[in-house]
Amino acid sequence: MIRILYFASLRERLAQAEEQVDTMAETVAALKTELAARGGVWAEVFDGGLHVLAAVNQEMATADQPLHDGDEVGFFPPVTGG
Amino acid sequence: MIRTEVRVQSTPLDVQAEMAEFYSADASVGGVVNFVGLMRDMNEGDRVAAMTLEHYPGMTEKALEAIVAEAAERWETLMVRVVHRIGEIRPKDPIVLVAVAGAHRGEAFRACEFIIDYLKTQAPFWKREEIAGGGARWVEARASDDAAASAWESSEKIDR
Chain B
24 MIRILYFASL RERLAQAEEQ VDTMAETVAA LKTELAARGG VWAEVFDGGL HVLAAVNQEM
84 ATADQPLHDG DEVGFFPPVT GG
Chain E
2 MIRTEVRVQS TPLDVQAEMA EFYSADASVG GVVNFVGLMR DMNEGDRVAA MTLEHYPGMT
62 EKALEAIVAE AAERWETLMV RVVHRIGEIR PKDPIVLVAV AGAHRGEAFR ACEFIIDYLK
122 TQAPFWKREE IAGGGARWVE ARASDDAAAS AWESSEKIDR
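Protein chains in written order, with the numbering used here: chain B, 24 to 105; chain E, 2 to 161.
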């Protein structure tokens, strides 16, 4: 199981803040592809050319970062603090 | 031993109170540099009435600590403090404070600028602004902020 958290504009568009998923995805990119396959807003967010950043276990991650059971994955738009 | 502190808070940021400690710390401090980011009442040509700052609890603190640790590795500093607001704020309210004390000004200036440049592109905060007269929108990230942060990795800004 992987815990996924969604933030800011992504959370609003997906109407969801977090979920637990049973996934075979081995990388961040594969997880995005799985989520996009849900269709609708999920496809728009994860397969629509939108700039979506990812963090694995609360550290910025690249698309090819491996995933493991129990990981926490955060998806969010480019940050705008400061 | 360098003293560092990072904090995220939903209460008003009292810049003077935060800075007081920097001026009374100890006699090895020769210079203090601080950056305070304030909320503006204009963005993208619209009047902004208020703003709500959201973050990723847990990751935010880790990201800020990592940025401060990298600055402390690159430049000699004595004290570093980063405080960032979350929640609802109004124009003129402080959003972020980056304070650096060092033996000399050069290292403190560079560490301070490095920290705010990295914070802008690496720390998971998001701003949602309320337009005066109605409507709300998420603030878009700026390409100029990415450029400022990546300049530290190239020769444009040199560690001295």
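Please keep in mind that the hints were generated in silico from the structure rather than gathered at the bench. Accuracy of the hints is not assured; some may be wrong.
[To be verified] Short, incomplete list of chain B residues facing chain E, as computed with Cβ under 10 Å: (1) S32; (2) N80; (3) L90; (4) D92; (5) G93.
[Unchecked claim] With beta-carbon atoms standing in for the labels, derived distance ranges: (6) B:P89 with E:E45: 20 to 30 Å; (7) B:P89 with E:Q123: 15 to 25 Å; (8) E:K93 with B:E42: 49 to 59 Å; (9) E:G59 with B:V64: 48 to 58 Å; (10) B:P89 with E:A152: 22 to 32 Å; (11) B:V64 with E:E77: 20 to 30 Å; (12) E:E141 with B:E42: 36 to 46 Å; (13) E:D94 with B:T85: 52 to 62 Å; (14) B:V64 with E:R48: 22 to 32 Å; (15) B:T85 with E:A28: 28 to 38 Å; (16) B:G62 with E:R138: 20 to 30 Å; (17) B:Q39 with E:N44: 23 to 33 Å; (18) B:E42 with E:A104: 16 to 26 Å.
We put the beta carbon where it would ideally sit given N, CA and C, even for glycine.
Cβ separation of P89 of chain B and Q123 of chain E, checked against the hinted range 15 to 25 Å: 21 Å, holds
Consistency of beta-carbon spacing, E45 of chain E to P89 of chain B, with hint 20 to 30 Å: With a Cβ separation near 39 Å, P89 of chain B and E45 of chain E fall outside 20 to 30 Å, so the hint is violated.
Cβ distance range 20 to 30 Å for G62 of chain B and R138 of chain E, holds or violated: 26 Å, holds
Outcome for the supplied range 49 to 59 Å, where the beta carbon pair is K93 of chain E and E42 of chain B: Taking Cβ atoms as reference, K93 of chain E and E42 of chain B lie about 39 Å apart, which means the hint is violated.
Evaluation of the interface hint that places L90 of chain B against chain E, nearest CB under 10 Å: 16 Å, violated
Pairwise beta carbon distance, D94 of chain E to T85 of chain B, judged against the given window 52 to 62 Å: Between D94 of chain E and T85 of chain B, where Cβ atoms are some 35 Å apart, the hint is violated.
Interface hint compliance - S32 of chain B to chain E, C-beta minimum distance less than 10 Å: 4 Å, holds
Outcome for the supplied range 23 to 33 Å, where the beta carbon pair is Q39 of chain B and N44 of chain E: Because 28 Å falls inside the window, the suggested range holds.
G93 of chain B as chain E interface residue, shortest Cβ-Cβ below 10 Å: 15 Å, violated
Hint check for A152 of chain E and P89 of chain B - Cβ pair distance inside 22 to 32 Å: About 31 Å separates the Cβ atoms of P89 of chain B and A152 of chain E, which means 22 to 32 Å holds.
Verdict for V64 of chain B, R48 of chain E (Cβ pair) under range 22 to 32 Å: 31 Å, holds
Outcome of range test on Cβ distance (E42 of chain B, A104 of chain E; 16 to 26 Å): Violated, since E42 of chain B and A104 of chain E (Cβ atoms, about 50 Å apart) do not stay within the stated range.
Of the numbered hints stated above, those contradicted by the structure are hints 3, 4, 5, 6, 8, 9, 11, 12, 13, 15 and 18, listed in ascending order.
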